[in-house]
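Enquirer: Okay, here's what each chain looks like letter by letter:
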Amino acid sequence: MCVAVSARVIETDERAGKVDVRGNILNVGIAVRNVKPGDYVLIHAGCVIEVIKKEQAEEIADLLRELEDL
Amino acid sequence: MLNIERIIAELKNYQGSPLKLMEVCGTHTSAIMQLGIRSLISPKITLVSGPGCPVCVTPAAFIDAAVAIACEPGYTVLSFGDMFKVPGNGPSLSEGKGEGASVEMIYSPREVLVKAEQESDKVFVVAAVGFETTLPAYCDLLQELEQREIRNVRLLTSLRQIIPALSWLGTHSPDIDGYILPGHVSVILGEDAYKSLAQELKTPMAIAGFSTEHILLAIYDLVKQVQNKKNQVHNLYPSVVSRTGNTLIQEQMEQYFQKGQIGWRGLGLIEDSGLFLRDEYTQFSMPYDWPEPNETAEDFKDSCLCGEVLLGRISPPECPSFRKHCTPSMPKGPCMISLEGACGIWYRFHREKKEGQ
Amino acid sequence: MNRITMAHGSGGAVTQELIRTVFQKHLANKYLNKMDDAAVLTGSSYPLVMTTDSFVVTPLFFPGGDIGKLAVFGTVNDLWMMGGQPLYLTAAFILEEGLSMKTLEEAVSSLGQAARDVGIQVVAGDTKVVEGKGGLYINTTGLGQLCYSQVIGSAQAKPGDSVIVSGPLGNHHASILSSRLGIKNYIQSDCAYLGDMVKGLLEAGLEVHVLRDVTRGGLATVLNEIAKSSRVNIQVSEELIPVDPEVLGFCEILGLDPLYMANEGKFVCIVPEKDTAKALSMIKQHAHGAGAVVLGKVFNSLQGHQVTCQTKYGGEKIIDILYGEGLPRIC
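Protein chains in written order, with the working numbering: chain H, 1 to 70; chain R, 1 to 357; chain G, 1 to 331.
The shape of chain H in the complex, shown without the other chains (with noise of 0.2 Å):
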């Protein structure tokens, strides 16, 4: 029930805006607060669900920093 993808937002209005997914243009509906041009977001069925806080490589990083003290 979770297929979304990570894209980048081009350009936005409070209640929609477009993104760039690797070159791919989609109109979507903006689901989240304080989404602005520039910003990594969530997207799922043509919706952005949340903003991405941190890139995969370093989140993992942290991860298994912190999976070390278990």
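Just so you know, these hints were derived from the structure itself, not from any lab. One should not assume that every hint holds.
What the hints assert, rightly or not - What follows is a set of in silico ranges between Cβ atoms, one per label pair, in the way DEER data are often shown:
(1) R:228 <-> G:300: 45 to 51 Å
(2) G:180 <-> R:146: 28 to 34 Å
(3) R:282 <-> G:15: 37 to 43 Å
Ideal placement from N, C-alpha and C gives every residue a C-beta, glycine not left out.
Place chains R and G on chain H using the hints.
Expert: Just chains R and G now, with coordinates in the frame of chain H:
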């Protein structure tokens, strides 16, 4: 220093007692197959699927209703690709289309806006299926419908919440040692939403993303928690899952929807697990009477063990019908009918390695 | 007239004018111009190879190609996949009432140009008109001759062979779906003639065992068919499977898998180890083969002929044929 290779080595060489971990979400079931995860962990760690396949748990009567509506003059039904080929008690939406029903496939519910404005004499009905991840798309649609004063769009809803289902599951399948929680549902709900569940079920939980690394880290975390006798919720997808989740959508969910009892194919009726449009938004609701869905695991016993699969009690190959009498072209139950169901995914990706290689 | 009507299919004066002003205009040659019921052709001293295909794509014109081009390339490529040098083509058109004359002419013109580009003539044709909503369907049948020495077929793969694919996967399928779903990108169909590449391999005397174009069902389906026919196992490596970043992004949006997506200008080439480097370098010299890679190997199999894929960190999964339609999904 811990790295992925060491994590894999530890999981492959796991020597503890057999563990059963449930990956709740259909997208995780698919990702685990696509990424070859099972080949990277010990066979003592069993991964079972759960009820997180919205198409599998939607009652057959919903599809019958959608097809019937699509056959009515002046109505068009819009559906995600996932639902398109799944038969109900009668034909699927795709088969109905072949016989003249007005059905179209969409990627996003937003696509209905242009259609509705261009053809105001038609009623467009969105087959609104999904868990919390898809709520933003439906709330966004409802906001646009209100703002643009569009009057010819309806939602035929089959919307569910995962936590009530997990709570129900925990009491009916108590031998699950850990839960891999759905990463994108958790984006909406937030980490804290699961805390009382973990305490209630006394079972560790890990919120996971969908890459090889994310899934392996979640499995590792759960194995460690079990070994250390912990029952915590660990967020292993913090780049998008926060403590409180997407509060904007939670507010809109509260505004547009109310909770209620809904039937889950294979599980039966679960209290407060469904979401229905509130009375003040009935103009957006597609009224349709269908029989109260009450299929439970027991109803499937004679023809298939889908109920057992959805509960995580067995893996698809343990069903005696799997591959023999039940295949994607001759499905016996919803887990095989939907190609995103556990049995459909297992059928396509998992064969026992044959001799000689 | 601006649009096709049932009168165009009546066989009378209106039909004849349509044939003259559209079909003969763009497909003229000494065979077709005779307007006989059948074409008399020069025979061949080689075994003949024949294939037929029908083209029902919508939209009719898409980035990178159109139905006319596909109708030629699709069929002549199939001949080459058996090592057959194309000789003659037929083309049958089914026109739905309401089809715009301009659209029809553009499609036929494109077909004619594609035929000239690959050096083949349409020696026989047919036109029918049916009720409908302006659609166009084309069937082409191709005749070729097996004038090369290599024995090529799906059953010819041998343990130890290398599996080469001629370039990135999924472009055609993504291009068509993008048009239909309104997703804006620069993805083009890879609609292309494969004959130059294949001819080069055969004339160089390389020991080519299998050639298959990667159309409906995608690479996964083709490799499974080869594994079954040849009674072998095929193992590929996920990190080597070529996919353009834009196509990958498109697949991620819709939950699609490039391994199951249709192509119109890619082929699989299975050759023994000794000829692998040369085969790869020859294919890569061509524009349509620039992205070719060796992505796997053929292994012995005692039973159960499978395709397996090595995944990240040394994992493994089975790749089966396409079930269902590979529709976009959100779950």
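Enquirer: Next step is simple, just say for each hint if it's right about the structure.
Expert: Structure-based check of each hint:
The beta-carbon spacing between residue 228 of chain R and residue 300 of chain G, approximately 46 Å, falls within the hinted interval of 45 to 51 Å. In this structure the supplied range 28 to 34 Å holds for residue 180 of chain G paired with residue 146 of chain R, their Cβ-Cβ distance being about 29 Å. Checked against the hint of 37 to 43 Å, the pair residue 282 of chain R and residue 15 of chain G fails, with Cβ atoms roughly 57 Å apart.
When each numbered hint is compared with the structure, a violation occurs for hint 3 only.
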